[in-house]
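**Student:** Using the sequences and the hints, build the whole thing.
Read off the chains here:
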Amino acid sequence: MRREWDGEEMGPRFRGDDGVWLVNDVIETETEIGAEGATTRMNMIQAINSALDVMMMRDPDVVVMGEDVGYFGGVFRATAGLQAKHGKTRVFDTPITECGIVGVAVGMGAYGLRPVPEIQFADYIYPALDQLVSEAARLRYRSAGEFIAPMTIRSPYGGGIFGGQTHSQSPEGIFTHVSGVKTVIPATPYDAKGLLIAAIEDNDPTIFFEPKRIYNGPFNGHWDRPAENWSKHPGGEVPEGYYRIPLGKANVVRAGEALTILCYGTMVHVCQKVAEEAGVDAEIVDLRTLVPLDIDTIEESVRKTGRCMIVHEATRTSGFGAELSALVQERCFYHLEAPIERVTGFDTPYPHSLEWAYFPGPVRIGQALKKIMKD
Amino acid sequence: MASESPRANLNPLSLHVPEPKFRPGDAVDFTSVDIPAAGTARRPDTADDAKDFIDLAYSMVRVLDEDDRAVGPWNPKLTPDTMRRMLRNMALVRAFDERMFRAQRQGKTSFYMKSLGEEAVSVAAAAALAADDMAFPSYRQQGVLISRGCPLEDMMNQIYSNSGDKLQGKQLPIMYSEKRFSFFSISGNLTTQYPQAVGWAMASASRGDTRIAATWCGEGSTAEGDFHSALTFATVYRAPVIFNVVNNQWAISSFSGFAGAEATTFAARAVGYGVAGLRVDGNDALAVYAATEWAAERARTNQGPTLIEHFTYRAEGHSTSDDPSQYRSAGEPTAWPLGDPIMRLKNHLIAIGEWDEERHAAQDLELAEMVKTAQKNAEKNGILGHGLHQPLDTLFDGVFEEMPWHLREQRQMMLDEEEASGRPWARK
Numbered sequence: 145m146r147r148e149w150d151g152e153e154m155g156p157r158f159r160g161d162d163g164v165w166l167v168n169d170v171i172e173t174e175t176e177i178g179a180e181g182a183t184t185r186m187n188m189i190q191a192i193n194s195a196l197d198v199m200m201m202r203d204p205d206v207v208v209m210g211e212d213v214g215y216f217g218g219v220f221r222a223t224a225g226l227q228a229k230h231g232k233t234r235v236f237d238t239p240i241t242e243c244g245i246v247g248v249a250v251g252m253g254a255y256g257l258r259p260v261p262e263i264q265f266a267d268y269i270y271p272a273l274d275q276l277v278s279e280a281a282r283l284r285y286r287s288a289g290e291f292i293a294p295m296t297i298r299s300p301y302g303g304g305i306f307g308g309q310t311h312s313q314s315p316e317g318i319f320t321h322v323s324g325v326k327t328v329i330p331a332t333p334y335d336a337k338g339l340l341i342a343a344i345e346d347n348d349p350t351i352f353f354e355p356k357r358i359y360n361g362p363f364n365g366h367w368d369r370p371a372e373n374w375s376k377h378p379g380g381e382v383p384e385g386y387y388r389i390p391l392g393k394a395n396v397v398r399a400g401e402a403l404t405i406l407c408y409g410t411m412v413h414v415c416q417k418v419a420e421e422a423g424v425d426a427e428i429v430d431l432r433t434l435v436p437l438d439i440d441t442i443e444e445s446v447r448k449t450g451r452c453m454i455v456h457e458a459t460r461t462s463g464f465g466a467e468l469s470a471l472v473q474e475r476c477f478y479h480l481e482a483p484i485e486r487v488t489g490f491d492t493p494y495p496h497s498l499e500w501a502y503f504p505g506p507v508r509i510g511q512a513l514k515k516i517m518k519d
Numbered sequence: 002m003a004s005e006s007p008r009a010n011l012n013p014l015s016l017h018v019p020e021p022k023f024r025p026g027d028a029v030d031f032t033s034v035d036i037p038a039a040g041t042a043r044r045p046d047t048a049d050d051a052k053d054f055i056d057l058a059y060s061m062v063r064v065l066d067e068d069d070r071a072v073g074p075w076n077p078k079l080t081p082d083t084m085r086r087m088l089r090n091m092a093l094v095r096a097f098d099e100r101m102f103r104a105q106r107q108g109k110t111s112f113y114m115k116s117l118g119e120e121a122v123s124v125a126a127a128a129a130l131a132a133d134d135m136a137f138p139s140y141r142q143q144g145v146l147i148s149r150g151c152p153l154e155d156m157m158n159q160i161y162s163n164s165g166d167k168l169q170g171k172q173l174p175i176m177y178s179e180k181r182f183s184f185f186s187i188s189g190n191l192t193t194q195y196p197q198a199v200g201w202a203m204a205s206a207s208r209g210d211t212r213i214a215a216t217w218c219g220e221g222s223t224a225e226g227d228f229h230s231a232l233t234f235a236t237v238y239r240a241p242v243i244f245n246v247v248n249n250q251w252a253i254s255s256f257s258g259f260a261g262a263e264a265t266t267f268a269a270r271a272v273g274y275g276v277a278g279l280r281v282d283g284n285d286a287l288a289v290y291a292a293t294e295w296a297a298e299r300a301r302t303n304q305g306p307t308l309i310e311h312f313t314y315r316a317e318g319h320s321t322s323d324d325p326s327q328y329r330s331a332g333e334p335t336a337w338p339l340g341d342p343i344m345r346l347k348n349h350l351i352a353i354g355e356w357d358e359e360r361h362a363a364q365d366l367e368l369a370e371m372v373k374t375a376q377k378n379a380e381k382n383g384i385l386g387h388g389l390h391q392p393l394d395t396l397f398d399g400v401f402e403e404m405p406w407h408l409r410e411q412r413q414m415m416l417d418e419e420e421a422s423g424r425p426w427a428r429k
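Taken in order, these protein sequences are the chains called H and C.
At position 214 of the first sequence the residue is numbered 358 (this note's numbering), and the sequence of numbers has no breaks.
At position 187 of the second sequence the residue is numbered 188 (this note's numbering), and the sequence of numbers has no breaks.
Rather than coming from a laboratory, the hints here were simulated on the basis of the structure.
Possibly wrong hints are sitting among the right ones.
Estimated spans, in silico, between C-beta atoms of each pair [said to hold, decoys possible]:
#1 Tyr270(H) - Lys52(C): 31 to 41 Å
#2 Asp46(C) - Pro204(H): 55 to 65 Å
#3 Lys393(H) - Gly386(C): 52 to 62 Å
#4 Leu416(C) - Glu443(H): 55 to 65 Å
#5 Glu263(C) - Tyr270(H): 39 to 49 Å
#6 Ser111(C) - Asn347(H): 25 to 35 Å
#7 Asn347(H) - Gly386(C): 47 to 57 Å
#8 Leu416(C) - Pro483(H): 50 to 60 Å
#9 Asn347(H) - His407(C): 14 to 24 Å
Residues from chain H that face chain C, not an exhaustive set, calculated with beta carbons under 7 Å [stated by the list, open to error]:
#10 His230
#11 Lys232
#12 Gly244
#13 Ser278
#14 Arg286
#15 Ser287
#16 Gly289
#17 Glu290
Just so you know, even glycine gets a beta-carbon here, dropped at the ideal spot from N, CA and C.
**Tutor:** Given below as structure tokens:
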């Protein structure tokens, strides 16, 4: 299946469906390239590409590997140009074996390299689970620090692109459940670059899930309206050089008094739109990192607003929302004025034709909002 | 459930479930095991194309013959000193195993795994590799660690999870990690070390290093997906790595037939990948040395990986947790046609006038004494289950480089629990 994403055959057709899957869409920049401290307009793909490029220039130990990432530059173009610039021994294509990709990255880390493997879609990460859960995540612990796995596994995740059940999943809850792995999910190009740089510099294994629906623009959940791109969003203004956003720091994207909405990835933008349309003064917290979690920001916000809604695309049962809900209940129970609301995907495989019925969009979030705001 | 409308004109299908030749109580007869004569396998150039010596994946490299002579093109022509050193290391591994097995039976630790009968596989390989070539072992390569001079006491500290255990009691006994001896942290998960060894080797090659990697797994665990991922990666990038498949005939209670041995050899797995494949008498230290030396030379000259099947026999149980008399004939270990690797090298050294029974007996005594002394010293650091050997809060160290809040919180919870329990474990 994944081969079909390579060429022009599938791409235009998907773009035609909803007009947003514009992965080759380059935003024109007027800023001088390479100027120290200069910023430029980037979409999330370009920001990720820039993070990889910056880190490969700064640290000769950084290597990028994965299916189709080399000469071709990745099916989403995230690694475009990197092989030509940094050479084939630092940016290379791999055999189609996710177990092998992560296992090899463990060995490279043991040698002293800092691998950044790409798993082409989060939906294909499962063959690598043993290498991730039993090896990378526990290597520091089991060797008492003799060996570490300083890898960052990048992987596009999430729905909203008519990818069906094999190109739409949100498996973050599987990884947050594993001790020894960090899980990071950006919501803007600016965050994507800063967080990816921090993840690469981190000496522990990090899962870096990229919400592919917002690669090109801040999708607000209204799939039937014209798509936006990053050219007007403040998060699309990205420094060209090195900067980092520390892991474990959430971002309050909108301050408010009425309720707290905890979200990440694509849902940050959907929630903003829903609150705006409902005229509710919501405080919207983009978690950015699920493990380690910025509990202080969450607590502070919920204590202030007295209401908490949690929104994620992933299936509901044992999803990360369950953990968030438990934490808020444990820590903010006496400040809560209403039961915590969870808005999630359904406990079904991710559908194809019924994507928008599955997707936790404006209607589902709007109804939950009404419910939680009732006296 | 059978089909409602069987095709009456066709024979019914039948499912083949492999069955070992001998079960408990059966008389053992290994005459059907094909053992080619020593010295008959040809020795290709290390630069030859893998497809030009496919026959070696189906025959067997053997050097020591029935008259204790070293014969044929694979004879590594080692000096008596090197052979005596290998003999000593094999005997030391056996003495160490014996002592630690007994320690487990005495309740001093939870678990142990012997390598009885397989000592040559690790010791001779270690002798042929450079000391800083990176080993990605499975759980039965204590011979590599001992050959590289790891202090026995350190190994025992790990086995006892005591205060001298630098792994802080975090790992099951024998799952050593010894970076200073280029020995990777052992995992209990099977064959996960295979792609890791390839990754290390690729990194070494990409850095213009001269070190190569060697990894080991059992014949049973070649069935894991990691094995195939590793071979694919290795052949694609011509990684400087040596894959050792220790075919000791048994994976706990499953005989090698459950990994495909009825149909082909394990060395033949290499053929499909275009990887050099050698099948070696694993109880012949000189053959193991020669094959490893050949593969190392091939790897070091950028000719790519080699898979070596070591045909051997697991003379004891899988670990202290199983009783082999429950699933195989007790006669198997003594009837094994390739004999005892220590005996065979010893007899060769005696045959060439470089060793004798008296020296051998004296060495055995010396080694037993040495292991005993190491054990006494290790036990001064404590044994498993007798008191707390690590501060309680080390439980939370090393999950991440820096401890996040949720682990700090859980650590405090544990310390509070300890205080509330009235059982001050940490002070015992």
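**Student:** Run every hint past the structure and note whether it holds.
**Tutor:** Hint-by-hint comparison with the structure:
no., hint, in the structure
1, Tyr270(H) - Lys52(C): 31 to 41 Å, "34 Å, holds"
2, Asp46(C) - Pro204(H): 55 to 65 Å, "36 Å, violated"
3, Lys393(H) - Gly386(C): 52 to 62 Å, "43 Å, violated"
4, Leu416(C) - Glu443(H): 55 to 65 Å, "23 Å, violated"
5, Glu263(C) - Tyr270(H): 39 to 49 Å, "31 Å, violated"
6, Ser111(C) - Asn347(H): 25 to 35 Å, "31 Å, holds"
7, Asn347(H) - Gly386(C): 47 to 57 Å, "34 Å, violated"
8, Leu416(C) - Pro483(H): 50 to 60 Å, "34 Å, violated"
9, Asn347(H) - His407(C): 14 to 24 Å, "19 Å, holds"
10, His230, "12 Å, violated"
11, Lys232, "9 Å, violated"
12, Gly244, "3 Å, holds"
13, Ser278, "5 Å, holds"
14, Arg286, "5 Å, holds"
15, Ser287, "4 Å, holds"
16, Gly289, "6 Å, holds"
17, Glu290, "4 Å, holds"
Going through the hint list in order, the structure does not satisfy hints 2, 3, 4, 5, 7, 8, 10, 11.
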